[in-house]
Every structure is written in C-alpha cells, then in structure tokens.
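J.: Start from the sequences, fold in the hints, and give me the full structure.
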Amino acid sequence: MNAALSCNDTPDDTLAITLSGDWMLANSLPKLDPVLERLSTTPKPFAVRFEATALGDWDTGLVAALVAIRRGADTNDVLLDDSGLPDGARQLVALAFAVKEREGARRLKTHSGFLEGVGDKTLRVLERSRDLLTFVGELVLSFGRLIRGKATYLRSDLVQYIQEAGAEALPIVSLISFLIGMIFAFVGVMQLSNFGAGIYTADLVAVAMVREMAPIMTAIIMAGRTGAAYAAQIGTMKVNEEVDALTTLGMHPIDFLVTPRVIALIVMMPLLTMYGSLMGILGGAAVGLAMLDVSLVQYTSQTINSVGLNSLLGGLFKSVVYGSLVAMAGCQQGMACGNSAMAVGESTTRAVVMGIILIVLSAAVLTVIYINLGI
Amino acid sequence: MQQDDAHIVAEDITIAYGDFVVQRDLNFTVNRGDVFIIMGGSGCGKSTLLKVMIGLKEPSTGEIYYDGAPFWMSDKASQEGTKRKFGTLFQSGALWSSMTLAENIGLALKQYTSLSDAEIREVAAYKLMLVGLAGFEDYYPNEISGGMKKRAGLARAMALDPDILFFDEPSAGLDPISAKLLDDLILELRDSLGTTIVVVTHELASIFSIGNNSVFLDADAKTQLANGNPLSLRDDHPNDVVRSFLRRGVPEASAA
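Residue numbers (our numbering), protein chains in the order written: chain A, 1 to 375; chain B, 1 to 256.
A couple of the hints might just be wrong.
Once the Cα atoms are required to be at most 20 Å apart in a straight line, the calculated SDA-like pairs of lysine to any residue come out as [unchecked claim]:
(1) B/LYS76 - B/SER92
(2) B/LYS57 - A/THR247
(3) B/LYS83 - B/TRP72
(4) B/LYS149 - A/ASP244
(5) B/LYS83 - A/ASP244
(6) B/LYS76 - A/ARG155
(7) B/LYS85 - A/GLY137
(8) B/LYS57 - A/ILE254
(9) A/LYS150 - B/SER116
(10) B/LYS110 - A/ARG155
Bear in mind the hints are in silico, worked out from the structure with no lab data behind them.
T.: In structure tokens, the structure reads:
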C-alpha cells in the first residue's frame, strides 16, 4: 500500500496528521508541503499530533519526514505531541535531536562571482609560485649539505631511484624516439624530395632529434612516468605521517626524500636523451633508406656531418635542465600534498601538468638563448 | 622513583590554524617519570597539541620548556638537539614503507651514532625483541599487521633511548588485548628506563590504568578544563564536562 499523509484541523486547535501505508524509502513518499505550510500560516495550531493506526512498514523515509515536521513545528513554536507514533520512530526522532547542532558547523553555500573566482585563482597562482621558489631555495640548501657530507640519505635509495628513472624507462623512450624519428623522416622525404634534396632528410632528423626532440620528448615521458611517481610516493608518505616521523628525528625530509630523487633524474636524463637521439636517428634511417635512393654509407656520413659537438652538448644541457625541473615539480607537489587519498591524486596530476609547463617554458627560453649564442 | 621535578612545562600555549583558534591558554607541567595524558573529545586539538610539543607545529603564542630551556624561541640547531631526545609513536605507526623494520630503527642510529652497521642491526634486533617482534628484522611494514606496526613504530621511537616518549592514540585500531599489552609496555618503559611519557588518547581504560597526570582539552571552550591525576579528576573535579567524560557520560549516582 502506498504511503499517504493528510492533515486536518481539529476543534481543539490541534493539527492532526494522519499517516497511512508503507513509508519506505523505496516507495514514493508524499510531499510534506501541506503540513509545513499549515504550520507556518496564521492562525497557527496550538499543537500537532499524529494518527498512525493505518501506518504499515516504515524506515528512514518516515523518520526523515517526522524530523522535517518537527523542525517545522519548532521554528513556528508549535507543540509536538508524538504519542501517536510507533515507539521506534519516536525514539529515532528523539535521537536525531539529542545532540544539539554545533554552532557554526553548518556550511553556508556561498556563491562567488566570476571576478572573485578569477581573483582567487590568480592569488593562488602567486602563492604556488612562491611555494615553488621556497622549495627551490630549500633544495639548494640541501645540496649544500650534501656537498659538505652532512645530508642523510640512503645510498640504496639513490641506486633504486637511478634504476627506476633510468634503465626502467628505456623501453618507452626507445619506442617514442624511434617513432618520432620515423615521423620526421617521412615529413623530410616528402618535402625535400620536391627539391631533389631528399638526402638532407638525414640532417633534418639528426639535428631535430639531437637538439630539440630527444630532450623534450624524453622529458615529457619522464614527467608522466617519474615526476608523477615522485609526487605520489612522497605524497603518500606525507599522508602516512612518514615525513613527520623523519622531521621529529631531526632529519631534513628534503635531504632524505627529495635530493636523491632529483639527483637520480639529473644524472639519468642526459643518458636517456642520448639514447633517445640514437633511436630517433635509427628510426629516421629506416624510413630514409627505404624511401630514398641513397646507400647506407651515404646516409650515415650525411648524418655524422650534420651534428656538431655544439648541438649535442646543447641538447644534453637542455635535458639536464628539463630533468631537474621535472624532478622538482614532482617532489614539490609531493611535499605540498594534503592529508587524504584525494590530495595524493591531485598532487600527482599537478606534478605532471607543472612538469610539462616548466619543460615547455624553459625550452622556449633556452632556444632563444641558443640562437643568440649561435649554438 | 617518582622524582617530582618539572620535565616539560607548557606556558600560555595558543594553537591556531590561520585565524581559526584550536586551543588557547594551555598551561601544564609534566614531571619527570610521569605518564601524562592529553585527553578530550574528538576534534578538540589533542593531536595538534602533540604536534606543538614534538616540534612539528609552531604555537601562535606561548612557549614549551624542556628541562627549563625554551624550545620554540631557541635557534634551529638547539631545537634539533632537543628533538633528538624525543621518541614519537605516530597514530598509524608511520614506518618508512621502503625500509625493513631493522632499517627503520637503524636510521636514527646511523645518523646520530658512530656504530657500525652490524652493531646497529644488533641494537635494532634488541629493540624489536623489547616490543615482542623478535625475528621480524627483515620484514617490510606492509607485510605485518596494524598492531605489529604500532609496536614496530614504538621500537623505532625508542631507538635513541629517548628521555621523552610521545604517543599519538596508541590504542586506536587495536583490539583490547593488544591495547592492554601496549599499555603494560608503556608502564614498563617508564619504570625501567625512567622515561617521561606523553600520551594522546581518549580511551578511558588506558587513561586510568597508565596515567598519573593529565590535561583535559575541551572543543567548545577551546581551552583546558582540568589538569591533574585522571582518577581524582573523575571523582572530585568541579566541572561537569570533565567528570562526565571520565565516566563515559554515566551520572555519578549510578557510576559507583
């Protein structure tokens, strides 16, 4: 039987609410508006009482309705006589009101305007940049301690970070670099053959890979792979109070957790980048040799002559810069992580986004500097 | 063995997050060899007060004195020196997950002593034996149960033979028997090593069985309501909130 509710004014100035049917959450429940409206219209009834003889099964559906009615009665100073209700329901309602609502605990929904939102976000960006700068400062101090032999870290940790950031990244770096090399070679062959300069595909691939693409692609791979891992590892340690445990022992969490990770990435990035360049050139050669009418010897010597030492060193320097930025973004987000599982996810996301933004920004700056220096 | 001299003194401590004041005007003294209980309802700032005491969070005003020397006003180096005399057991154990139990315990020894690796391992094994985890040296934290993590965390907190041991909710998440064993261990440490012990808890069973001194924080008043031996607070304190807390809300007439 469906839940139903009706209310009538009785001659003794009381509002009688008649409940009938099965008041289950799974059924459709009647609206309380007529009752609440009656409670707030003058002349107000002196009291409310309930008729529940026809009430069937009930669960939270009924209790929630009763709570709402009681609240309505309380705000309108109407007495509530709950003797007509089943015992269980009466007790549950009493329990709901047993502990007074803590003052100021209820959250008021605030709507902030568009401008306020923009301002808020801007201020937060400023704050984040300041946090990042502070972090860089702490990292520099930590390197100072490391050089003076005063930093505590586990050599086994460092070795493990190097393996994770280095050897274990080889497969993905191989795949991406090889494919990028092939793509460049395709473009080169299609365009340069128009001028009968197809052989310069070798130069295009080699210079592009060594100077720009290998450093930037490897860095982006490392941002998604290692930077994210750093943020998640350190963030989880923060949530577990493991970072606090280090601090209370008088050790610097930065020395122990951050510096070895940054070193691992700074050391491994140039190696991975060199390897990536090589894979890219191989990928380009595969396409070039298949599509162009040149010999292996010709293609090889063309490649070798195209890449000077400056280009190589320039590319490697870029990779060191990108690597340190990725590691710093990851570790900084990890250290700034909040105290929940959600926060770890957020800081991981931010680590990757921030890492990629920093890579691209520094790539632009470095390219301008290189051009001015004539490298 | 109860020497009645002040080991830790808190003076007018106010703790706040930004503008939000958690607790204000806290004043209490922990004597050497006390088991000092920081108690109060959930969310009243007990753990935050502990953070202030172990040097993780600076109080907005006030000062903590250890052996008469101010902590927060002193420079970084002497703060580090004072902190080295603390051992802390965090709520979840907070063992470093990438290290074995022996390495967890050995890290501080490696850092602050000139012991050889073999000696450090010996000490770590001994500390694990003390907490009933003999033979677990090479286990990683994720391979042992919650209760064992707590005990291993205690072994790590004891690594440097601290003067003061801090416990953040030691019995949270433990079954009654393990909680009792941990309580016994705390008393044992106090009696045999003379360690001063500070415990954050709201477990009444623990409070009465181990505590001989306490401070009661209240979330509504945002300050301490009582200070002293928990048993006498329960029986004699004038404030209803304190008495009712210590009696699980049971009115006095029927509490006997």
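J.: Mind checking the alpha carbons of B/LYS110 and A/ARG155 for me, to see if they're no more than 20 Å apart?
T.: Roughly 13 Å between the alpha carbons, so the hint for B/LYS110 and A/ARG155 holds.
J.: Verify the proposed pairing of B/LYS57 with A/THR247, using a straight-line Cα cut of 20 Å.
T.: holds (11 Å)
J.: If you draw a straight line from the CA of B/LYS85 to the CA of A/GLY137, is it 20 Å or shorter?
T.: Not OK: B/LYS85 and A/GLY137 at ~29 Å, beyond 20 Å, violated.
J.: Regarding the pair B/LYS149 and A/ASP244, is the alpha-carbon distance no greater than 20 Å?
T.: Roughly 16 Å between the alpha carbons, so the hint for B/LYS149 and A/ASP244 holds.
J.: Within a Cα-Cα threshold of 20 Å, do A/LYS150 and B/SER116 meet the stated pairing?
T.: holds (18 Å)
J.: Taking 20 Å as the top limit, are the C-alpha atoms of B/LYS76 and A/ARG155 close enough?
T.: Violated, because 26 Å separates the two Cα atoms, which is more than 20 Å.
J.: Would you mind confirming whether the straight-line C-alpha gap from B/LYS57 to A/ILE254 stays at or under 20 Å?
T.: Distance ~17 Å between B/LYS57 and A/ILE254 Cα, so the pair holds.
J.: Assess, step by step, whether the Cα of B/LYS83 is no farther than 20 Å from the Cα of B/TRP72, and give holds or violated.
T.: It holds: about 11 Å lies between the C-alpha atoms, which stays within 20 Å.
J.: For the pair we were handed, B/LYS76 and B/SER92, check the Cα-Cα distance against 20 Å.
T.: It is violated: about 28 Å lies between the C-alpha atoms, which goes past 20 Å.
J.: Hinted pair, alpha-carbon criterion (20 Å max): B/LYS83, A/ASP244. Please report holds or violated.
T.: holds (12 Å)
Against the hints set out earlier in the document, violations occur for numbers 1, 6 and 7.
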